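Letter by letter, the chains look like this.
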Amino acid sequence: MLLDLLSALLLLAGAAFFFAGTVGLLRFPDIYTRLHALAKADNLGLGCVLAGLALQADSLAVALKLLAIWPLALIASAAVGYSIARRAERLGVAPWQERQP
Amino acid sequence: MPHRQQTSHATTSRSALRRGAIFALLWLAAAEGNLNAWPLALAGVAGATAASLWLLPAKTLLPISAGGLLRFLVWFVRQSLAGGIQVAGLALQRQPALRPALIEVPLTLPPGLPRLLFTAALSLMPGTLGVRLQGDTLLVHVLDRRQPLADDAARLANRVAAVFREAR
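Heads up: the sequence lines are chains A and B, in that order. In the numbering used here, each residue's number is its place in the first sequence (first place is 1) plus 2. In the numbering used here, each residue's number is its place in the second sequence (first place is 1) plus 194.
One thing to keep in mind: the hints can contain errors.
Said to hold, decoys possible - Which bits of chain A does chain B cover? Going by a derived footprint, with three or more residues having C-beta under 8 Å, they are: (1) 4 to 12; (2) 16 to 28; (3) 33 to 39; (4) 43 to 49; (5) 78 to 87.
None of these hints come from the bench; they were simulated from the model. Please read these numbers as outputs of a predicted model, since none were measured by experiment. By construction, the Cβ of each residue, glycine as well, lies at the ideal position given by its N, Cα and C atoms.
Isolated chain B, as found in the complex (with noise of 0.2 Å):
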């Protein structure tokens, strides 16, 4: 259908102008607000909007919410502490108390980059690692097996759901 078409190169150049913006303001950062390469930085991000969008076309994107989104980096920041402090904590103990455990968690989230921001932030949160991404489950591995693991992997759950604006 021409409608539906159009629809969809709408949402591909909104997509590539969105993506192209985050590129360069990349390229400001890493190039100090120095413009003289410009010829260059243009090239630059034109080729990774190009990338970008072959690898994550603008369709598969579900909506990403700015306040979801936000709210889920400070939790995430927060989490990531607690579990680096956990951590240098246990190697520095004399006799790491160590309880391991393979233990497969179901996935809620739909597939695709939901799966990926869950599996990711999982390894970086306190005590769990995330091992195999297999049909609707994901294999963690923890440090310790008391660990309320259905519980945390429920919040982060619906902490990346609210950034994707997606019910559960």
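In isolation and in its complexed conformation, chain A is listed as follows (with noise of 0.2 Å):
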């Protein structure tokens, strides 16, 4: 009862992070500001998503198995998202900046 509320929340919680993540994907102005909000909310909304589901596990191993994809994911995100900005970088795609007021 009391783990069916605590993988309630956690799924909630992760299903928020990923609406923050697309928000920031599609309202910050340029590839790297888009790059931190896939990266950091995308990656803990997953990690909440996940924890959750392992908590409603049948067995121990099938735990395991939700938990393990955090960190391949993580690995894959941290890798994909710096080659991102270093491609961007090497364009010359000049990072945005706030109007002076």
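The two chains are supplied separately, each in an independent frame; assemble them into the complex guided by the hints.
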């Protein structure tokens, strides 16, 4: 019962972070700030969803399998985020600057 | 020297055993403890171990401290939680308070895995994104240029150094 509640909370939090990450992707002004939103918010959302699902898993093996996804996705996300940012910088994409008041 | 050769072989076999055990555990988790496909598991674990030793030879790997790694992971999860919450808050603000800038950070960690871990972890921490590793500096994109980047980077470098038992 308590586990179900905790699991539901984690799943909801995960969905909220995915939502915020997507909003950031759409609203942020340039490639670098968008990468921030994707790399951080979506990874946290994934971590919450996986933890929430692991609490509902039928066996320890299934829970471990779910939890193993997170570090693997983190590594991939960090590598891909870095590659995209480096390519953008090489192509001379200047970071967005707020207008001076 | 024959003696040196021997120690290098011993390091490689110890490393192969350790990595093989980790890959076997990953397989067990992925197969949910079901060992019906054990020949495939054996081939997969052997292949993964060989690839890992080829890409990251045992002698180039600095010794990893289990305690340092554990402390790093706990700290890292807290930091990535803070990073996600911060950027989610920014995304949902009416007028996102962004003051971005590209800033160079000097690297104090040795080249190789420590610097890779530093760069990867930095990108998941609040407000920072690694853009380019070049020479002994890392170009970092920050969401707010008033963030104490030098302090944050030094703290992360200390944590990473503790993983590799490496005095800076």
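Hint by hint, which ones does this structure get wrong, listed from lowest number up? The structure conflicts with hint 1 only, although it agrees with all the remaining ones.
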